[in-house]
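Heads up: the protein sequence lines correspond to chains A and B, in order.
Going by the working numbering, the first residue of the first sequence is number 1, and it counts up by one from there.
Going by the working numbering, the first residue of the second sequence is number 1001, and it counts up by one from there.
Since the hints were made in silico from the structure, they are not lab data.
All the pointers check out, no bait thrown in.
Subject to a maximum C-alpha distance of 25 Å in a straight line, what follows is the list of computed DSS-like cross-link-like pairs (lysine-lysine):
# : chain 1 : residue 1 : chain 2 : residue 2
1 : A       : Lys51     : B       : Lys1044
2 : A       : Lys36     : B       : Lys1044
3 : B       : Lys1071   : B       : Lys1099
4 : B       : Lys1027   : A       : Lys36
5 : B       : Lys1099   : A       : Lys70
6 : B       : Lys1062   : A       : Lys106
7 : A       : Lys51     : B       : Lys1099
8 : B       : Lys1044   : A       : Lys70
To spell it out: a stretch of chain A is covered by chain B in this simulated footprint if at least three of its residues, at any positions, have a beta carbon under 8 Å from a beta carbon of chain B; those stretches are:
#  : stretch
9  : 43-50
10 : 105-111
Quick caveat: nothing in here was measured; it's all calculated off a predicted structure.
The C-beta atom is built at its ideal place from N, Cα and C for all residues, glycine as well.
Now for the letters of each chain:
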Amino acid sequence: GQQLNQSPQSMFIQEGEDVSMNCTSSSIFNTWLWYKQDPGEGPVLLIALYKAGELTSNGRLTAQFGITRKDSFLNISASIPSDVGIYFCAGQTSNSNSGYALNFGKGTSLLVTP
Amino acid sequence: NAGVMQNPRHLVRRRGQEARLRCSPMKGHSHVYWYRQLPEEGLKFMVYLQKENIIDESGMPKERFSAEFPKEGPSILRIQQVVRGDSAAYFCASSRRPKNTEAFFGQGTRLTVV
Chain A
1 GQQLNQSPQS MFIQEGEDVS MNCTSSSIFN TWLWYKQDPG EGPVLLIALY
51 KAGELTSNGR LTAQFGITRK DSFLNISASI PSDVGIYFCA GQTSNSNSGY
101 ALNFGKGTSL LVTP
Chain B
1001 NAGVMQNPRH LVRRRGQEAR LRCSPMKGHS HVYWYRQLPE EGLKFMVYLQ
1051 KENIIDESGM PKERFSAEFP KEGPSILRIQ QVVRGDSAAY FCASSRRPKN
1101 TEAFFGQGTR LTVV
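Next up, chain A with everything else stripped away, as it sits in the complex (with noise of 0.2 Å):
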């Protein structure tokens, strides 16, 4: 699969803050995904974008979708303490209606202190 680079690989930040990460990829994509995975949990979607340029927000949470379409990156505003854990992105090459793969970055390990 396509190599996506995530970063950064970990983030040390205090309650209130805002945080932003992104993830790059050598390869286009047609979707971007960004996910939050809880210590012994599945990854749960937080926003998906479907088109170039698209910028999405979902409550405290933006993601933009990069106009290379080669890029991503998430801001969480205001950062509270239930948003320690991982962060994924993911993206995909193909919007048609089959089951192509979804290619997974490392993740970006967010810890937040009260």
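We have chain A; now place chain B onto it with these hints.
Below, chain B without anything else, positioned relative to chain A:
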């Protein structure tokens, strides 16, 4: 409305034994995807199945691994003659339509090979 159910949650096998991982999709979902997650890594796609059919197995190792999704019952990921390198978390996801960008993940099965 139960989510994707995976069992067992934890599985310990000795080298050379067989591991059978089960995944019951959400009600009304007929598309199942299996992923493997190594420690501190992102998820790697393994296989995509519809009822009684394997659609995409491009991520499955060529030997010892097999998957099925019978007409009745859960999807099964089977690993024969396990080796230490098979130790990982295995996640299943399901979707109503053939779009894995709309899939919900289970809590995973943590396989440890001793």
